[in-house]
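Heads up: the sequence lines are chains A and B, in that order.
Numbering of the first sequence is given in this note's numbering, commencing with residue 1 and proceeding in unit increments.
Numbering of the second sequence is given in this note's numbering, commencing with residue 1 and proceeding in unit increments.
Careful: at least some of the hints might be erroneous.
In silico lysine-lysine, DSBU-like type, Cα no more than 30 Å apart, as pairs [stated by the list, open to error]:
hint	chain 1	residue 1	chain 2	residue 2
1	B	Lys57	A	Lys106
2	A	Lys106	A	Lys56
3	A	Lys69	A	Lys56
4	B	Lys14	A	Lys106
5	B	Lys71	A	Lys56
6	B	Lys71	A	Lys26
7	B	Lys71	A	Lys70
8	A	Lys26	A	Lys69
9	A	Lys70	A	Lys56
10	B	Lys71	B	Lys57
11	A	Lys26	A	Lys106
12	B	Lys11	A	Lys70
13	B	Lys11	B	Lys57
14	B	Lys11	A	Lys106
15	A	Lys26	A	Lys70
16	A	Lys106	B	Lys71
17	B	Lys71	B	Lys100
18	A	Lys26	B	Lys57
19	B	Lys100	A	Lys69
Derived from the structure by calculation, the hints contain no laboratory data.
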Amino acid sequence: SQQGEEDPQALSIQEGENATMNCSYKTSINNLQWYRQNSGRGLVHLILIRSNEREKHSGRLRVTLDTSKKSSSLLITASRAADTASYFCATESNSGGSNYKLTFGKGTLLTVNP
Amino acid sequence: DTGVSQNPRHKITKRGQNVTFRCDPISEHNRLYWYRQTLGQGPEFLTYFQNEAQLEKSRLLSDRFSAERPKGSFSTLEIQRTEQGDSAMYLCASSPTSLKQYFGPGTRLTVT
């Protein structure tokens, strides 16, 4: 079953603008990860934030995590047409024996118009 | 590091037929995962191997599904007596000791 929900389901912006995607989840987690998927292809890991972290940066990406609200956000600054893809949040539960499996949300489809 | 590879990339089969997919993880990655993704949804966990041991199976993995990783390297996922509801993208991922997973390009299965 899906752990979380991304919001919005779809987002269309102009090149150069910032894009913000949100993710909510249901259970306690060890970490939350964001992945990108180009149409019909595999997923690429973008960034991981642990449950004891509140904010993390990687290049043009900024991720926040609020464990009290069970939510995370991904900000992509100065977007480019090449950022067009689906973005998924994925959580690793901290229940015993999780085996590091990931539970994904439904994703946000980002379209960056040139 | 040549990445995770999956074969075939596309498979069209008739309902009732058996299909087998292969995943070659990044060498020396001891963890291997299978996920299934349907259109408009995120990937859903199917099963997990640590080396050759299958340590977890999802309830999604009915008795028509079987996965193996005989020597702790490549893995196969077999679906017997395929049904139209099995049509999906089947994704394989591997990881070393880190938490990050490396995904293959997937095998798209269409059951007619």
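Query raised in the report: Which of the listed hints are broken here?
Result: 5, 6, 7, 12 and 16
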